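S.K.: The chain contents come next:
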Amino acid sequence: MSIEIVRQGAELELAARVVELVRQVAGPAAEAEVMVQHDAEALTRFANSMIHQNVADAVTDVRLRLHLDGRTASGATTVVDAGGLRGLVERTVAAVRLSPPDPTWPGLTPPTPLHRTAGHHGSGERSGLDFGFDEATARATPAERAERVRDFVRAAGGLETAGYCRTTYSSAAFANSAGQSVEGRTAEAAMDGIARVAGSDGVARLASGRLGDLDGSVLGARAAAKARAGQDPVELPPGHYEVVLEPEAVADLLDNFSVFGFNGKAYTQKQSFAELGAEQFDPSITLIDEPLGSRAEPAPGLPFDDEGTPRESLVLVREGVTKAVAHDRSSAAEAGAASTGHASPASRTWGPYPTHVRLEAALAATEPGLPPAEPSNPVAESARPLVAGVRRGLLITDLWYTRVLDPKTLVITGLTRNGVWLVENGEVTAAVSNMRFTQSYPQALGPGQVLGIGSESILLPDRWSGTRYAAPALHLASWNLTGNASG
Amino acid sequence: MSHFDEASAAVQAALESGARYADCRVMVRRAESMSARNGDIENLGSGESAGLGVRALVGSSWGFYAVPDLSDSAARAAGRRAAQIAAASATVPGPPVDLVPSGAIEAGWANDCETDPLEVSLSTKGDLLVGATAAAKQAGADLAEAVYQVWDTRKWFVSSEGHRIDQHTRECGAGVWASVFGDGEIQRRSWPSYGGQYGTSGWELVDRLDLVGNAPRMAEEARALLSAPLCPTGETTLVLGGEQLALQIHESVGHAIELDRILGWEAAFAGTSWLDLAKLGSLRYGSELMNITIDPSIPGALGSFGYDDEGTPATRRDAVRDGIWVGVLAGRDSAAVAGLDYAGSVRSDGWARLPMVRMTNVGLEPGPHTLDEIIANTADGVFMDINRSWSIDDRRLNFQFGCEIGYEIKDGKLGRMLRNPTYTGIGPTFWQSMDMLSSEIVPWGTPNCGKGQPGQVGHTGHPAAPARFTNVRVGVRG
Numbered sequence: 001m002s003i004e005i006v007r008q009g010a011e012l013e014l015a016a017r018v019v020e021l022v023r024q025v026a027g028p029a030a031e032a033e034v035m036v037q038h039d040a041e042a043l044t045r046f047a048n049s050m051i052h053q054n055v056a057d058a059v060t061d062v063r064l065r066l067h068l069d070g071r072t073a074s075g076a077t078t079v080v081d082a083g084g085l086r087g088l089v090e091r092t093v094a095a096v097r098l099s100p101p102d103p104t105w106p107g108l109t110p111p112t113p114l115h116r117t118a119g120h121h122g123s124g125e126r127s128g129l130d131f132g133f134d135e136a137t138a139r140a141t142p143a144e145r146a147e148r149v150r151d152f153v154r155a156a157g158g159l160e161t162a163g164y165c166r167t168t169y170s171s172a173a174f175a176n177s178a179g180q181s182v183e184g185r186t187a188e189a190a191m192d193g194i195a196r197v198a199g200s201d202g203v204a205r206l207a208s209g210r211l212g213d214l215d216g217s218v219l220g221a222r223a224a225a226k227a228r229a230g231q232d233p234v235e236l237p238p239g240h241y242e243v244v245l246e247p248e249a250v251a252d253l254l255d256n257f258s259v260f261g262f263n264g265k266a267y268t269q270k271q272s273f274a275e276l277g278a279e280q281f282d283p284s285i286t287l288i289d290e291p292l293g294s295r296a297e298p299a300p301g302l303p304f305d306d307e308g309t310p311r312e313s314l315v316l317v318r319e320g321v322t323k324a325v326a327h328d329r330s331s332a333a334e335a336g337a338a339s340t341g342h343a344s345p346a347s348r349t350w351g352p353y354p355t356h357v358r359l360e361a362a363l364a365a366t367e368p369g370l371p372p373a374e375p376s377n378p379v380a381e382s383a384r385p386l387v388a389g390v391r392r393g394l395l396i397t398d399l400w401y402t403r404v405l406d407p408k409t410l411v412i413t414g415l416t417r418n419g420v421w422l423v424e425n426g427e428v429t430a431a432v433s434n435m436r437f438t439q440s441y442p443q444a445l446g447p448g449q450v451l452g453i454g455s456e457s458i459l460l461p462d463r464w465s466g467t468r469y470a471a472p473a474l475h476l477a478s479w480n481l482t483g484n485a486s487g
Numbered sequence: 001m002s003h004f005d006e007a008s009a010a011v012q013a014a015l016e017s018g019a020r021y022a023d024c025r026v027m028v029r030r031a032e033s034m035s036a037r038n039g040d041i042e043n044l045g046s047g048e049s050a051g052l053g054v055r056a057l058v059g060s061s062w063g064f065y066a067v068p069d070l071s072d073s074a075a076r077a078a079g080r081r082a083a084q085i086a087a088a089s090a091t092v093p094g095p096p097v098d099l100v101p102s103g104a105i106e107a108g109w110a111n112d113c114e115t116d117p118l119e120v121s122l123s124t125k126g127d128l129l130v131g132a133t134a135a136a137k138q139a140g141a142d143l144a145e146a147v148y149q150v151w152d153t154r155k156w157f158v159s160s161e162g163h164r165i166d167q168h169t170r171e172c173g174a175g176v177w178a179s180v181f182g183d184g185e186i187q188r189r190s191w192p193s194y195g196g197q198y199g200t201s202g203w204e205l206v207d208r209l210d211l212v213g214n215a216p217r218m219a220e221e222a223r224a225l226l227s228a229p230l231c232p233t234g235e236t237t238l239v240l241g242g243e244q245l246a247l248q249i250h251e252s253v254g255h256a257i258e259l260d261r262i263l264g265w266e267a268a269f270a271g272t273s274w275l276d277l278a279k280l281g282s283l284r285y286g287s288e289l290m291n292i293t294i295d296p297s298i299p300g301a302l303g304s305f306g307y308d309d310e311g312t313p314a315t316r317r318d319a320v321r322d323g324i325w326v327g328v329l330a331g332r333d334s335a336a337v338a339g340l341d342y343a344g345s346v347r348s349d350g351w352a353r354l355p356m357v358r359m360t361n362v363g364l365e366p367g368p369h370t371l372d373e374i375i376a377n378t379a380d381g382v383f384m385d386i387n388r389s390w391s392i393d394d395r396r397l398n399f400q401f402g403c404e405i406g407y408e409i410k411d412g413k414l415g416r417m418l419r420n421p422t423y424t425g426i427g428p429t430f431w432q433s434m435d436m437l438s439s440e441i442v443p444w445g446t447p448n449c450g451k452g453q454p455g456q457v458g459h460t461g462h463p464a465a466p467a468r469f470t471n472v473r474v475g476v477r478g
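Protein sequence lines, in the order shown, are assigned to chains C and G. Just so you know, the first sequence maps onto residues 1 to 487 in full-length UniProt numbering. Just so you know, the second sequence maps onto residues 1 to 478 in full-length UniProt numbering.
No wet-lab data here; the hints were simulated from the structure. Being a predicted model, the structure only gives us computed values, none of them experimental. Honestly, I wouldn't trust all of these hints.
What the hints assert, rightly or not - Computed Cβ-Cβ distance ranges for the label pairs, DEER-style:
no. : chain 1 : residue 1 : chain 2 : residue 2 : range
1   : C       : Q24       : G       : S121      : 17 to 27 Å
2   : G       : G184      : C       : S478      : 44 to 54 Å
3   : C       : A82       : G       : T124      : 48 to 58 Å
4   : C       : E13       : G       : S71       : 47 to 57 Å
5   : G       : A338      : C       : Q24       : 54 to 64 Å
6   : C       : E319      : G       : D276      : 44 to 54 Å
7   : C       : G239      : G       : K279      : 31 to 41 Å
Every residue, glycine too, gets a C-beta built ideally from N, C-alpha and C.
Given these sequences and hints, build the entire structure.
M.R.: As structure tokens, then:
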């Protein structure tokens, strides 16, 4: 039994029908935009080395935004029969007539073709690209997910394991009363698991557009190696430490930079650290939002946003210089810029932000590689050259429960998780207890603070949403650890 | 209109496909929200969501499938699929699954609601938010924001053990925020709390908040914070306001007593718990002033219901009594694994999500004092209130919280306003240092509790009052 895949074109027909209903109910003066999105998600979750939750759902969501007589209202429904759609339209029309004036309405997206990327060929006459779509991932069965879970559990060699294997499929269409009409689809797979022994946890995490890329055996063995190497930790005093952050930890930096820093609304409201054109990062830092994927990776996102704006790559930081923030039509109008295709159902209130950010990896080293690592080595392969360059510092696998203390400086507190080690003269010398940190993220990556970047970006799923990040390991001059397990 | 027939069809189909137990929830939810910024409406949205979710138990494995289609044929297909998914889990099986016993219940429940939030006109609601943000802006806010949210949920639950329960829950709430921009930093004040105040209640809750009347003071206090001295660094006596204490309870008690975390079922994502079931009934969690209850029957609190999503009636029970840990938040399967004889804390955030252990109303019982008495009896310390940031480790021990505002306490009186107050500690050490507790309980509502994979957003309630703690580390900075 596989994820339910609806007939291609069905969402576009639905969107067009709602636009026509709006015309019937509210007249030709109404400006309407309609997003129809069908999401099918299946997730096999394991804990205590057994599958304990195995879930699937398929939902079609119809979202209507309406602007009439200077007022705006939005409505949504999962009831897609004739009565449900008419109810959505009538409810939203009634709401817009009672709404206060909306002087900030940015208008509709005009008819605009989708961006095409090299190597992606057409899957439909309207989308013009197949978007790296992997049919096998979209149609994955519970048995295929369970097989990867079984491999993870076996590879952990008797350690207690927990995590999930997930496949998702989305197909969507957008239509508005200005004539924009686009559709597309995408699929994603992810696996995230820990192995545990005697109070020590190790993690392995990977996202991909292809379920076939996920090998439970590889991930389970990596998590187990970390857990075994993390036993009997020592407690270190708080202070500023040189650190190597593994890709899982770096993904947290990218997430917080995106949500609070490169958020177009936060930027226009002066709540972001971002200053366009300023050298805010080390020259080695380049950040790009890539919703359409790149380098033979299937696209992680849909090719357009909730306002029908086509998506494309957006360079946020180029060689240390902040270049752009993400916009929907509202924040773009306020900033005097153009939408970058980052509208979402929440972007008008929460603000638009990038959700597929890549931190560019360093060019592969030209010097001879390191000798093969021992199977028990807890260091991620891409982080090993960076660890070799540490005089005295910490190797941090993962960050946890990070929260913003001040949005402008992006000072964040959180904890380490899933493995920390002391590194002395390029060698891991001791496991360390989890520690709390309080650190400005832009400052940590500021000019002169980045001592090295790994040569491989790892695709990682976001913990909460369906977004993902591409992160290499990072070697940083200083990280402010403000507490340890004792308090 | 009832949807018992569709739910029954789904359950029957799951049983015919091999399930030894099945249940189904049909849910129809209407939601509405509006936000305003600097005197203008920013967003008005409404939504309707309808569907059913079927849970099936095959052997020792659960399966869950959900569809947005309430037809009889879709319900039957969903029941079959749930059983098939459960069967797939058998390739990585666990120990046998039992459920704590429950008799068949046929019942209905609805919360009290004086003024239906969806019946209040949009123009009235808009005027409220526009008025509040305009007032804050006029009083000096650089950025004034306000929001309200409404949820109206109808639910029909059927199980293969004979449950037939329908519920109608109306929830709403609102808040206003004033931010001012200084040289490289932002200060914000919130009324009445970090995210607003919410309850299982009608619009009368929002009326009582008086957003417009309190907005100017928020702007003035935010402006004053810019020039206030930083919270000092060191160990001191800490007095917390009720809203901050509600979050302290949520993070360091509520999540820690979730039985699925204690059993390791959330280990990879939400984390585990420092609590060991072998010490239930004997472990000292806090001082003797600490009495925490799990009570989904509190009228108006956001974590209230008639029956949870397994059909267990809302029942009050102790979690901590006289400082000793005595109870957990449990579901029927987790309770059976742990050898406990009660459940009643399982919910999901919608028809498309698997019900799981969630906080209901987890709160403190009142103490003997008032906030004024606590401050009058404090020679030297810091008062903090209204949450600004929150972080705690995956075992729910090491926490660090930031508050919007602080005041020094000198010789029994509030002194200077303090900027960027934070405090940190270890859960049981902190709770054991509580030596004064107020009687001024408010059931604070938290509508944004995240847990589970796929992620679910929970609505929880936390009755809390101001309290005093000794020897707390404050003023942690980056």
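S.K.: It remains to establish, for every hint, whether it holds in the given structure.
M.R.: Against the structure, the hints:
no., hint, verdict
1, C:Q24 <-> G:S121: 17 to 27 Å, "holds (25 Å)"
2, G:G184 <-> C:S478: 44 to 54 Å, "violated (19 Å)"
3, C:A82 <-> G:T124: 48 to 58 Å, "violated (32 Å)"
4, C:E13 <-> G:S71: 47 to 57 Å, "violated (20 Å)"
5, G:A338 <-> C:Q24: 54 to 64 Å, "holds (58 Å)"
6, C:E319 <-> G:D276: 44 to 54 Å, "holds (52 Å)"
7, C:G239 <-> G:K279: 31 to 41 Å, "holds (34 Å)"
Consistency note: the structure conflicts with the earlier hints numbered 2, 3 and 4.
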